Amino acid sequence: GAVVSQHPSWVICKSGTSVKIECRSLDFQATTMFWYRQFPKQSLMLMATSNEGSKATYEQGVEKDKFLINHASLTLSTLTVTSAHPEDSSFYICSARGATEGTDTQYFGPGTRLTVL
Amino acid sequence: AQSVAQPEDQVNVAEGNPLTVKCTYSVSGNPYLFWYVQYPNRGLQFLLKYITGDNLVKGSYGFEAEFNKSQTSFHLKKPSALVSDSALYFCAVRDTGGGKLIFGQGTELSVKP
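Sequences listed follow chains A and B, in order.
Position one of the first sequence corresponds to residue 490 (our numbering), numbered consecutively onward.
Position one of the second sequence corresponds to residue 36 (our numbering), numbered consecutively onward.
Please keep in mind that the hints were generated in silico from the structure rather than gathered at the bench.
Remember, predicted model here, so these are calculated numbers, not experimental data.
Glycine included, each C-beta is placed from N, C-alpha and C at the ideal position.
Treat the hints with care, as some may be off.
Footprint (simulated), chain B over chain A, 3 or more residues, beta carbon under 8 Å [to be verified]:
1) 526-538
2) 593-605
Derived DEER-like restraints, expressed as beta-carbon distance ranges [unchecked claim]:
3) A:Asn540 with B:Ala49: 40 to 50 Å
4) B:Pro114 with A:Gln518: 29 to 39 Å
5) B:Glu50 with A:Gly542: 20 to 30 Å
6) B:Pro53 with A:Gly505: 35 to 45 Å
7) A:Thr546 with B:Ile86: 16 to 26 Å
8) B:Ala49 with A:Thr546: 38 to 48 Å
9) B:Asn52 with A:Lys530: 19 to 29 Å
10) A:Gln518 with B:Gly51: 38 to 48 Å
11) B:Ala40 with A:Phe528: 15 to 25 Å
12) A:Gly550 with B:Val118: 34 to 44 Å
13) B:Glu43 with A:Lys544: 38 to 48 Å
14) A:Gln531 with B:Gly134: 21 to 31 Å
15) B:Glu50 with A:Glu552: 38 to 48 Å
Starting from the given sequences, assemble the full structure and let the hints guide the process.
Okay, structure coming up:
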């Protein structure tokens, strides 16, 4: 149980284009989803927290117009990197927290490697 | 402010030996503590958590962790390390405000045959 998927697992795009990453909770309903960014050999940096049906809460320093987050259902959240630039290249990881037993545990997706050329 | 510290960037252990990955925390109130493992180019896998109850928590893959309130520590342990345990390990505490996780900087565990 508690499986979270991400799609795509990797993506290469040209500078200036937009990229959408999906995060799905496959066997539970996720009232809250989180988006992280991770640089090589470093810890995870929380970008934003999203609750189903409401606007995401962004961490300080994260541009909400650049990193658009949508949490339209209890099983799906999307992160869109708009007008991507090479400095946006990173490993993006989502996590989900359920609405029932074990709600204190976040379950993580496998991550998406974004490379912007 | 709440925080988590993993004092060792890297831990090296011989296969079959016991391993310990250290974690200390600073929170107000009762801590919710977690350990996750990350293999290269993958997301984080949940190992175990401490919310309340027994100080010794048993988790996945033979790992366990001991909650020590007086020392504000939550060290991850395994009696006999495997080469396949080699990975990046993260300790985390749940923020009492918004519920987000605060991660330590990670410890790279290397288990040699």
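Here's how the hints hold up against the structure:
1. Counting residues of the region 526-538 of chain A whose CB lies closer than 8 Å to any CB of chain B gives 6, which reaches the minimum of 3, so the coverage claim holds.
2. Counting residues of the region 593-605 of chain A whose CB lies closer than 8 Å to any CB of chain B gives 9, which reaches the minimum of 3, so the coverage claim holds.
3. One distance hint, 40 to 50 Å for the beta-carbon pair Asn540 of chain A and Ala49 of chain B, holds here, with the actual separation near 46 Å.
4. Hint check: Pro114 of chain B to Gln518 of chain A, Cβ distance near 37 Å, so the stated range 29 to 39 Å holds.
5. A hinted range of 20 to 30 Å is violated for the C-beta pair Glu50 of chain B and Gly542 of chain A, which are about 49 Å apart.
6. For the pair Pro53 of chain B and Gly505 of chain A, the supplied restraint of 35 to 45 Å is violated, since their beta-carbon distance comes to about 52 Å.
7. Checking the proposed 16 to 26 Å range against Thr546 of chain A and Ile86 of chain B shows it holds: the Cβ atoms sit about 24 Å from each other.
8. The hint said 38 to 48 Å for the Cβ distance between Ala49 of chain B and Thr546 of chain A, and at roughly 45 Å that hint holds.
9. Between Asn52 of chain B and Lys530 of chain A the C-beta distance comes to about 25 Å, which sits within the given range of 19 to 29 Å.
10. Against the hinted window of 38 to 48 Å, the Cβ-Cβ separation of Gln518 of chain A and Gly51 of chain B comes to about 42 Å, which satisfies the hint.
11. The given range of 15 to 25 Å is respected by Ala40 of chain B and Phe528 of chain A, whose C-beta atoms sit roughly 19 Å from each other.
12. Remark: the range hint 34 to 44 Å for Gly550 of chain A to Val118 of chain B is upheld by a beta-carbon distance near 39 Å.
13. Take Glu43 of chain B and Lys544 of chain A: their Cβ atoms lie about 39 Å apart, and the range 38 to 48 Å holds.
14. Between Gln531 of chain A and Gly134 of chain B the beta carbon distance is about 23 Å. The supplied range of 21 to 31 Å therefore holds.
15. Between Glu50 of chain B and Glu552 of chain A the beta carbons are some 46 Å apart, a value that agrees with the proposed interval 38 to 48 Å.
Comparing the model with each numbered hint stated earlier shows that hints 5, 6 do not hold.
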